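Student: One-letter residues, chain by chain:
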Amino acid sequence: MSDPPLLSATGLSLRVGAADILKDVDFAIRAGEIVTLIGPNGSGKTSLLKALLGLLPAGGRIARKPGLRIGYVPQNFPRDRSLPLTAGRFLRLFAADAPAQAALERAGIAALSGRQLVALSGGEMARVLLARAIATGPELLILDEPLAGVDVAGEAALYHLIAELRGEIGCGVLLVSHDLHVVMAQADRVVCLNGHVCCEGKAEQVVRDPAFAQMFGPRVAGELALYVHRHDHSHDHDHDHEDHALG
Amino acid sequence: MTMRTTPLDDFLWRATLGAGILGAAAGPLGSLVLWRRMAYLGESIGHIGLLGAGAGLLLGIDPLIGVTLLAILSALIMARARDGLIPVGTSIGVVGHVGLALGFVLLSSMETVRTDLIGYLFGDVLALSGIDVGEIAAICTVIAVLSAVFWRRWLMAAVNADIAKAEGRASPLAETVFLVLVAVLVALGLRVVGALLIVALIIIPPAAARPFARSPEQMAALAGLIGAASAPLGLALAYWKDIPAGPAIVLAAAALFGLSSLSARLAR
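Line by line, the protein sequences are chains A and B.
Using my numbering, the letters of the first sequence correspond one by one to residues 1 to 247.
Using my numbering, the letters of the second sequence correspond one by one to residues 248 to 515.
Chain A extracted, bound-state conformation (with noise of 0.2 Å):
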């Protein structure tokens, strides 16, 4: 952990009009760490995603490794009916030939390379968008809800995937996710947003955690407590899984 962070933040703040929507944020991801933001609606996860990135102007001090290769996946992506585009052109813009038909291979949408992205359903977007993220050989994926739009069935797939090409890429991940189950199995650290941040640490720690349990109330972070518990079993033990319903 000594190793200086990909990107960080120290006394990160964010006014809207009068509201405080940031307050005194300290960040950092380092190298290969897939950290998770949670928090409920109105929290400031996509706008700390955004100051972090430069997109809003934030109060305090923010450190970008020099030169750091960012994949960022954005919560909306509006599609431009009057901008004629194919998924494998929206690749190419950004990425080299080569390395962008391997991440549309890798995302597994080879086939959708020639289609326009206005023809493209919400969950094969989603795959598009992580394909072009990954396709510029980041150090750091910066990904916001990149599961909208995707039905219940593909979420897992996709989570699945990133979990994967963390591994394959041995990129950072920062991830803002509303399906807690996934982002407490996936995640080597999870924050909690509220504003400030509530709490942060592994996931068994996190949903322990007395804020934790008043952000969400305590039904939701018993219940996540229980499948954290059951998810660090599964990892020591080969019998079967049965009793793992959640996910």
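Quick caveat, the hints were computed from the structure, so don't treat them as lab data.
Source: prediction; values computed, not measured.
Below are the DSS-like pairs computed for lysine-lysine, each with C-alpha atoms no more than 25 Å apart in a straight line:
hint, chain 1, residue 1, chain 2, residue 2
1, A, Lys65, B, Lys412
2, B, Lys412, A, Lys23
3, A, Lys202, A, Lys23
4, A, Lys65, A, Lys23
Starting from the known structure of chain A, arrange chain B on it as the hints suggest.
Tutor: Then chain B, alone, in the frame of chain A:
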């Protein structure tokens, strides 16, 4: 001894060349203006251009220099505007119309140029001299070269400005060049179709090209072709029906847009 004649000896040829070259150069920039929903910006630059013409005449410099300088200045300033309580399109529209009104007042106060007012509002393409056409050709060549150089950057920003910026691919230089070129295009267009119609010549050809394009580059090239074709078609219409040339060029572009929309509908 007979003088060698060139197409530039005929005012109709000069008009066709001047307007056609402008229409061709407007293809790629016009496509970007369409994708980025910036028509209102072009419109306001055009309106303010009238004030620039007035100011140029008042200061005793070439009115087109006045137009170009004010157009560039206003483009760079207005592009920084953001939505507040009032949408950005509205506030920029207000500024543009103030410029139009002031320009009108200024030009009206100058006895000698009062008759030129219609020319500034609707263009005076038939009055283009050989030197004017040469100027248009030279400037449009620069526009075309710079469009090719910055195309990929511009396209990234048009596809998704947040991704481009987050991944460190946004270029303030590319954005500034884009705005300056749009302003120069509008200023040139003031001579051809006038302050009130120039945005039509920027927006209509890409709109007409859209149904037939499968890639951004196809759309830009096709828009240039349609823009260029609008010039001879419009001038033929003006000659045949004895109507003002600038508006006739816009009507020709609109007719191509109508045909394109119709055939796209029929093909579905």
